[in-house]
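Chains as they are written, first to last, in the working numbering: chain A, 36 to 328; chain B, 60 to 388.
Hints in this document: simulated from the structure, not taken from any laboratory. Take these hints with a grain of salt, some might be off.
[What the hints assert, rightly or not] Only pairs whose alpha carbons sit at most 27 Å apart, straight line, appear in this in silico DSSO-like list of lysine-lysine: (1) B:K206 <-> A:K76; (2) A:K117 <-> B:K195; (3) B:K195 <-> B:K206; (4) A:K227 <-> B:K206; (5) A:K182 <-> A:K76; (6) B:K214 <-> A:K117.
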Amino acid sequence: MKTSLAAVPYFWTKQAYQDFYQQVADTDIDTVYLGETVCSKRRSMTLQDWMEIGKLLASKGKQVVLSTMTLLEAESELNYLKKIVQQDDFLVEANDMSAIQVANQANRPFVAGNAINIYNNQSLSLFNRLGMTRWNIPVELGQEDLKPVIPKAQELGVELEYQVYGRMPLAYSARCFTARHHDLPKDRCQFKCKDDVEGIEVSTREGDSFAQINGIQTQSGKVSNLLNHWQKLQAAGIDYTRIVPVAPETTLEVIHALTHAINSNQTTVNFADHTREYCNGYWFQMAGLEMIA
Amino acid sequence: MELVCPAGNYPSLVKAVDQGANAVYIGFKNATNARHFSGLNFSEKHLHKGIEYAHQHNCKVYCAINTYPRQDGWKTWTSSVDMALDIGIDSLIVADSGIMDYIRSRSSEFPIHLSVQASATNLEALNFYHQNFGIKRAVLPRVLSLKQVTQLAQKSPVEIEVFGFGSLCIMAEGRCYLSSYLTGESPNTQGVCSPSSHVRWEENDGVLKSRLNNLLIDQFEEGENAGYPTLCKGRFEVEGNIEYALEEPTSLNTMDILPELHQAGVVAIKIEGRQRSPAYIETVANVWRKAIDSVLKNSEQPTEQDKQKLTALSEGRQTTIGAYERSWQ
Chain A
36 MKTSLAAVPY FWTKQAYQDF YQQVADTDID TVYLGETVCS KRRSMTLQDW MEIGKLLASK
96 GKQVVLSTMT LLEAESELNY LKKIVQQDDF LVEANDMSAI QVANQANRPF VAGNAINIYN
156 NQSLSLFNRL GMTRWNIPVE LGQEDLKPVI PKAQELGVEL EYQVYGRMPL AYSARCFTAR
216 HHDLPKDRCQ FKCKDDVEGI EVSTREGDSF AQINGIQTQS GKVSNLLNHW QKLQAAGIDY
276 TRIVPVAPET TLEVIHALTH AINSNQTTVN FADHTREYCN GYWFQMAGLE MIA
Chain B
60 MELVCPAGNY PSLVKAVDQG ANAVYIGFKN ATNARHFSGL NFSEKHLHKG IEYAHQHNCK
120 VYCAINTYPR QDGWKTWTSS VDMALDIGID SLIVADSGIM DYIRSRSSEF PIHLSVQASA
180 TNLEALNFYH QNFGIKRAVL PRVLSLKQVT QLAQKSPVEI EVFGFGSLCI MAEGRCYLSS
240 YLTGESPNTQ GVCSPSSHVR WEENDGVLKS RLNNLLIDQF EEGENAGYPT LCKGRFEVEG
300 NIEYALEEPT SLNTMDILPE LHQAGVVAIK IEGRQRSPAY IETVANVWRK AIDSVLKNSE
360 QPTEQDKQKL TALSEGRQTT IGAYERSWQ
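In isolation and in its complexed conformation, chain B is listed as follows (with noise of 0.2 Å):
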C-alpha cells in the first residue's frame, strides 16, 4: 500500500520524500488542476529539481491535470499534458474524458490515474475509463463507505487508492458547482474551491463574520474557533434553526480503518493538501507512513501523541472517518 502525499511546491516535496512517501503529487501553475492558488506549484525549472530529488529517492512523482479544460482554453491543458509526458512524470492524474482521449492519442502506454474529480463511484463507471483509456487506477470520490469501496476493490478491472487525510469534501467531486454558483469560480473549470479571491472577513463588536462573494457564511462570537469559509462549512438559517447544514468544519482522518482498507486491496492512500506548508505535510506523511508501516510489516503503530498531532492540524480541530462509516451519511 502507497503513501501518496501532496506537494505544492519544492520544499514540500523533499519533506514528503525524506519522510518516506512512496509517491508524491504535484500540479503546474496554471488552471489545470484542482488546487490553482496563487504560489503555489512548480513551474518547469522546479519540476525538474523535484523530479531528480523524487526519484534518487525512489519516489515516484505524480503530475495532476485534473480541471475540465473549455475549450478556449484547450491548448493550456494539452501543452500541460505535453510536458508531463516529456519531462520525467511517472503518471498523470486525470478527469477529463477528452484529455484522456488526447493522452491517448500521443501514447497507448502512459499510466493514467483516474482524478477523484472524475467522480467514479460505481463498477460500471471504472469499467468505462478502462476500457476507453485504459486507465492503471482510480481515485474514489469521498462518497463511499467501507463496505462499498470493499466490494468495489474486489471486482474493479483497476488498482483503487482512496483518500486517507486531509481537508473533507463531502459532495461527488467534479460534480459540485456549488463554488461557480456563488463565485463564478469552481474546482472544475478554475481549479478553485471557495477562492481565497472572494473572502472577506469582517469584525464588529466582537463577532468575526466570515463572507464569500458578500454572502456571509459564518459567524463567530469570541473565543469560538474560526475557520476559512468554505462554502459547506458554514452555519445556515434551515426552517428556522441555524446549523451545519452541509457539514461542519471538520477533516477526513481513515487511520483507525487502514487494516481494513488494506485487507480490502486499496493500493494507495493519499493525503489531500497540496496548499498546506512543508511543516504540515512532513507531520503528517510521519504518522502516516508509521500507520502504513504497522499494518505491512506489523511495525509500531502510531502513538496517541502522534494522533493528536493530526487532529491539531485539522479542521476545527476535528476529525471523522466522514462516508467510509455509514452513520456519517
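With the rest of the complex left out, here is chain A (with noise of 0.2 Å):
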C-alpha cells in the first residue's frame, strides 16, 4: 500500500506552505499533490513557487504531481491550466474535464482527480485510453460499488487511490460561501479564507455538525477517517490511501501513523485526535457522515 497527500484545500500563506512541505519531504509519504485546486483569486504562489516545492520534494524520493482547478470558467485559468499541462517534471492531476482535454491534446498521461465523474467500466476505460494512468476515486464510491470496476482497473493497469483522512470534497459553486460570510462580494473578498487554516464550521441549530465551507468550495463536515481500515483497502486493490490536509501539525502526525502502520504491517494505525469529528460511511455503502469504528 502506498500513500498520498492531496493538495492542501485552504488558503495558506506563502511561508506556510514551505514550512509544511519541509516537513512532509522528511516523512514516509510516497506521493505529494501540489497546487492550488479551489480559487484561483488565491495567489500567495506561483507555479515557479510550487515548482520549487515540488523539487525539494522529488528530491527527497517523492513523486510529486501537479494539482489543477475543479472549477475554472475564465479563460486566464485555462491559460494556468496549460502551463501545468506543458511543464514536464511532474504528472499532472486533471480535475475538470478541460483539464482532461489540454493533457490528452498534448499527450501527457493524467491522474484523473476525484471531482472526475468514473463510475463504471466504460468510462474507466474511455479515461485510460485518452491517458489516465491512475483514478482518485470520486468520494461517494464505496466498496460494493467498486468491487466490479477494480477487476477492470487492474487489467488496464491503472492505479487506485482512495481517500482515507480529511474532509471530503463535496461541492464547488459560483458562490464564495466565505465571502457570503463576511457579507462581502465574491470579487471584493479580502482573501477572508486566509484567516481560516480549514475552513468554517457550518453546523445545525441544533449543534450537529453539517458543512465547511472553503471559499466556494463545500467540505464534509466530519473529517473522513478510513486510517484503521487501510487494510481492508489494500485487500479490495486500492493502491493508494490518501491524506487530504488539515492543519499542518495533525497532517503531519497523521502522515507518520499511517506510514508507520503501514510500513510496519499493523492493522491499528496510532493516531488519536478528539478534537475533530469523523465519518466514513461511503466506504460502507452508507451516508457520507456516519461512522463505522
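From these two lone chains plus the hints, build me the complex, please.
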C-alpha cells in the first residue's frame, strides 16, 4: 500500500506552505500533490513557487503531481492550466474535463482527480485510453460499488487511490461562501479565507456538524477517517491511501502514523485526535457522514 | 431560441406542447435521470403517446439519461438508451462519458445534448465532449456570469442551452455530493437531491422543524413561510450566527436578461421542474413563450401580472438571476 498527500485545499501563506512541505519532505509519504485546486484568486504561490517545492520533494524521493483547478470559468484559468500541463517535470492531476482535454491534446498522462465523474468500467476504459494512469475515486463510491470496477482497473493497469483522511470535497459553486459569511462580494473578498487554517464550520441549530465552507468549495463537516481500515482497502485492491491536509501539525501526525502502520504492517494506526469529528460511511455504502469504528 | 419545457408525465407534456414549447424533456421511470421521484416520469406506453402528441404539434422530445451509472446498474442505463434510440426520441441528454461512449458504439449520429450534470463550464471542457462524442449541444451549469456565458457561446463548438426558470441549483451540477453525504442518495447515483424519503416535519409549541435524515435543516416560527428542506437552502450556525450559509429558498428567473442571452447566441432556454404539476407547467410555459416571442418577434412582452404569476410559483416567493449576475456570487 502506498500513501499520498492531496493538495492543501485551504488558502495558506507562502511561508506556511513552505514550512509545511519542508516537513512533509522528511516523512515516508510516497506521493505529494501540489497546487491550488479551489480558487484562482488565491495567489500566495506562483507556479514557479510550486515547482520549487516539487523539486525539493522529488529530491527526497517523493513522486510529485501537480494538481489543477476544479471549477474553471475564465480564460485566464485555462491559460494557467495549460502551463501546468506543458511542464514535464511532474505528472498532472486533472480535476476538470478541461484538464483531461488539454493533457490528451498534449499527449500527456494524467491522474483523474475525484471530481472527475468515473462510476463504471466504460468510462474508466475511455479515460484510460485518453491517458489516465491513476484514478482517484469519487468520494461517494464505496466498496460494493467498486467490486466490479477494480478488476477492470487492474487489467488496464490503472492505479487506484481512495481518501482515508481529511474533509471530503463535496461541492463547488460560483458563489464564495466564505465571502458571503463575511457579507462581502466575491470580487472584493479581502481574501478572508486566509484567516481560516482549515475552513469554517457550519453546524445545524442543534449543534450537529453539517459542512465546512472553504471559499467556493463545500467540504464534509466531519473529517473522513479510514485509517484503521487501510488493510481492508489494500485487500480490495486500492493502491494509494490518500490524506487530505487539515492543519499542518495534525496532517504531519497522520502521515507519520499511517506510514508507520503500513511499513510495520500493523492494523491499528496510532493516531488519536478528539478535536475533530469523524466519518467513513461512503466506503461502507452508507450516508457519507456515518462512522464505522 | 427554443423554449425547452419539463414534462414529468403525460398531462404536463400536453400542457407544455399546448403552450408552445419547442421541445419537452422527459425521463424514464428509473434512476437513469436526475428527477427519479416516485409517481413521476414515463412508462414506455405513455412515452409512445407523448412522443406522438408532441411530434404532431411540431414539438421535439428530449430524453434525459443523465445520472452516472455504477457498474452494477450499467445494464439498466444501456437498455434505457436502447429504448430511447428506438422509440422516436429526438435527442438524448447525457452526463456520463461512459454512456456517451456507449451511444456512439450504437449510432455515430444520434444527437447528444450534454446534460448540465456533466458540469462543462469552459471551452476546453466543451471541446472534450465535442471531439470525443460529437455532442450537438451543451446545457451550461448555473455557475457562470452573463459575461462568461456570452464569451463561451461565441467560441463554443456546440450549441449552448441555459436555464431560464425554476429551482436554483447553486453548486456546479454533477459535482455535488452533499445529498449522499447526508442521506446516502445523490443526484449522480440515484437522481435525487435531499430525497423526500428522508424528510421529516416536526411541530412543537408553534415551531415547525424540517429535518433531513434527522439533521435539522431549518425551523420556522408561526407565520414564517416553511419551504422544503433542500439541504443547501436551510439556516445554519456559522461562527455564532444563524444564517442561510449557502443560499436562501429562492428560484432562478433570467427573464430580465433574455435579450442579452439571445444576443449571445444561446439557442435554447430550459425551464427546470419535471417534478412540478401540469398547472405549474402550463403557467410557466405560457409566460416564457410570450417572453421569448417578444425577443424574437418583437411581440408584446409579458405583463407585470404574468411576472407576478412566476414569482408566486417560486421557492420562498422570491427569484434571483443567480450567478449570471456577478454580485450574487
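Outcome of the hint check:
no.	hint	result
1	B:K206 <-> A:K76	holds (18 Å)
2	A:K117 <-> B:K195	holds (26 Å)
3	B:K195 <-> B:K206	holds (23 Å)
4	A:K227 <-> B:K206	holds (25 Å)
5	A:K182 <-> A:K76	violated (40 Å)
6	B:K214 <-> A:K117	holds (18 Å)
When each numbered hint is compared with the structure, a violation occurs for hint 5 only.
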